[in-house]
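Peer 1: Go by the hints and put chain B onto chain V.
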Amino acid sequence: MSKLISWNEWIGSKYYSNNQVYKSNQINLLKNSNSKTCLICRGGKLLCGKIRCPVIAKAEALLKLKTTVDNQLIQGSTPPAVFVGRIGYPKINIGPMIPPFFGDTEILDTPELWMGKKIEDILDYRFSLIRGKSRSDIFEAQNPGKLLGELQELAMGKQPVDTEATFKKKPNSVLALNEYSPPFGPSAPLKTFKTANVSVDSRIEKNFNDTDMTASDSIYSLYNAGVLITRIQRTFSLGMFGLSKRRKLVPTRWGITAVDSTLSKRLVKEVKQFPTIDEYQVFTFTNIGNIYAAIFIPERWSFEWIEAWYPKTFWNLLGQSPELMGDFEPYEGRSTYASVGGCYYSARLALAEKLKKDRRQATGLILREIHPEYTLPVGVWNVRESIRALLKTKPMKFDTFPKAMSHALKELTIPANDWAGNSKIMRDALFQKKISQYFHRSKNEIS
Amino acid sequence: MFKAVVQDAKIWKNLLTAISTLIEEADFNTSEDGLKLRSMDPSHVAMVDFEWSKEAFEEYVCDKPTNIRVNITTMLKLLRRSKSEESLEISYDEERKKVDLTLRGKILKKFTMPTLESVEEEVPTPKLSFNARVKLMSETLKEIVEDSETVSDNISFKAKEDKLFVKASSELSNVGMELSKTDGALLELDIKEDSDATFNLNYFGEMVKAGSATSEVATIEFSTNMPIRLEFEMSQQGKLMYYLAPRIEAE
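Protein chains in written order, with my numbering: chain V, 169 to 615; chain B, 6 to 256.
Be careful, since some hints might not be right.
Selected chain V positions facing chain B (Cβ under 8 Å, derived; list incomplete) [said to hold, decoys possible]:
#1 K213
#2 L214
#3 S302
#4 E467
#5 S507
#6 F599
#7 Q600
#8 K602
#9 Y606
#10 F607
No lab work stands behind these hints, which were simulated from the structure alone. A virtual CB, placed ideally from N, CA and C, is assigned to each residue, including glycine.
If we strip away everything but chain V, and leave its shape as in the complex, we get:
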């Protein structure tokens, strides 16, 4: 009862190490999966009924490193990077991520620096980080042991730190993919771990030491102090903020969205105090197989995020036509988790950030087309940083929604009707009349 489909063009032969095993570039998906199943699931819900996401499993298999780390001892400068696992929650793995070389390794774990890089570059960065794993418990954050204490200090580091780790066995040569976080490289159970002195970021340290401040207040104040989101997410994940009795470790991939969601919620609250923009604004931007368009509507805050996945893209391998999916929030916000997942919150953060900078509010409609050149999910940072870049471009201004829309459509390839069918904001903007249009008696009215 399975259906075989061909994998799309892969990203270069560099990573094909297992050609003998995976001769055919094909993936098994259950027949009852329809074209939207993958998009809704994104490897998280396992809607196809398999124990592992077959798309991710296949991609990971294809991406095995040719050259493996043949050593149980690793010495190198960590960016600093740490990892908090999700499997076995609340008993989870934690550990450092260390490349086998010294120097300025910051870029390996700093997605803010990855805009404009190719997917191959990002995979190279991630492959070079060897992840040590050690069992912990989420509540260890309230009373950190030796390793967690070292990781927490590391995570506060201002620059890369020299470290040495030994493993119980040789690291595997896997690249672990997921929708939320950047890919993770090879891993092995950690035996010993040593670090040089860490020069910590005093802004983060202050919040770490404040056990009367909520995690939400801490991350917002760090954000406002200019600390990179990646660093906030890293330290948040290690349970370093919040009231002392409530501190917990948070798996990296959950922590990313928790921080995006919390920050954007607080920013939106501020944005709602500002006057609305005066005209329709359109932004467009293209980056590694992704086309983005944002339409700002001169109305009070609300937000919609719609993605269109072309056939042969990661989450629409089965489909014959582009699949669209999105989420919306009205002025009051939303109370349920967005069905598209973490990218919604990353997009909302980038949008709220822009509006706050302009000291304006608006209804924001952001559209994203994913084309087959975007071969792998590299994490939601890609959405956040792309939309930051999108909203840094100079907008075109229009006086009506249809004009704004038709400008955005010039850059996009999906037709207006398909977007409108999936967009509440677009339908409202096109169909909903304003009461102010009726203040003057029109000629076709019966007197």
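Peer 2: Just chain B now, with coordinates in the frame of chain V:
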């Protein structure tokens, strides 16, 4: 100076709740004859038009017309503290630019809240004539709205011959309703011309739900692809009226 006393604070609370479904801040225009509030929601899709004549108050003093702009949400938050059988006194201190809300029950409670700078130009009323007029119990209207909300974000009204047809549809499901005077669902039905129009249920639903608390009887008036007017009759000399612009899908 401005001072008004309402015998039952709950009435005022319900009215403010009804107003707050559309707007957060608004000007109360006070004059010798009474109090008015007319304001559009921030998206300019809907409008609330509220009037209370001085006779509707237990006591009413206003020596010169004044615009008092308040945050409705804040005022409502204070009024939520009211209990049944408490009277409410609203007064405005021009010098301090504060509104005092005094609740008199077993305990005398005085809340003071700030006013805001009045910025709003006077909002005109839409120039409309209506070809269909339907009077029905607020409860009936609420039921229609709630039934429609189960399937759609929009509600369509169609007045034809001696019936009101209500329709709500989404991609997969839809609901259709028929109401007539003979079946007892309507109190009055007056059709000059067949009329058909569609409205956003988020707006309309909120209006109906909040308005129903203020009156047992509601009147809707509409024409083909034109705004709807929703009025809640007050037993005293007051009116609560909403306008909502239509949704027109076929351009």
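Peer 1: Is the interface hint for Y606(V) satisfied, with its Cβ closer than 8 Å to some Cβ of chain B?
Peer 2: Constraint on Y606(V) satisfied, holds at 4 Å.
Peer 1: Grab the minimum C-beta distance from L214(V) to chain B and call the hint holds if it beats 8 Å, violated otherwise.
Peer 2: violated (26 Å)
Peer 1: Holds or violated: is there a CB of chain B closer than 8 Å to the CB of F607(V)?
Peer 2: At 5 Å from the nearest chain B Cβ, F607(V) passes the 8 Å test, so the hint holds.
Peer 1: Does the interface hint hold: is S302(V) within less than 8 Å of chain B, judged Cβ to Cβ?
Peer 2: Since the shortest Cβ distance to chain B is 50 Å, the answer is violated.
Peer 1: Next item in the hint list is S507(V). Is there a CB on chain B closer than 8 Å to its CB?
Peer 2: violated (16 Å)
Peer 1: K213(V) was flagged as interface toward chain B. Is the shortest Cβ-Cβ separation under 8 Å?
Peer 2: violated (22 Å)
Peer 1: Against chain B, is Q600(V) within 8 Å by beta-carbon distance?
Peer 2: holds (5 Å)
Peer 1: So, as I understand it, the hint says F599(V) touches chain B; can you test that by seeing if any CB pair is closer than 8 Å?
Peer 2: F599(V) check passes; min Cβ-Cβ to chain B is 5 Å, inside 8 Å.
Peer 1: Let's test the interface hint: is any C-beta of chain B closer than 8 Å to that of K602(V)?
Peer 2: Hint on K602(V): holds, closest Cβ of chain B at ~5 Å, below 8 Å.
Peer 1: Is the hint on E467(V) kept, meaning its closest Cβ partner in chain B is under 8 Å away?
Peer 2: Where the cut-off is 8 Å and the nearest Cβ of chain B is about 5 Å from E467(V), the hint holds.
Checked against the numbered hints above, the structure violates hints 1, 2, 3 and 5; every other hint is satisfied.
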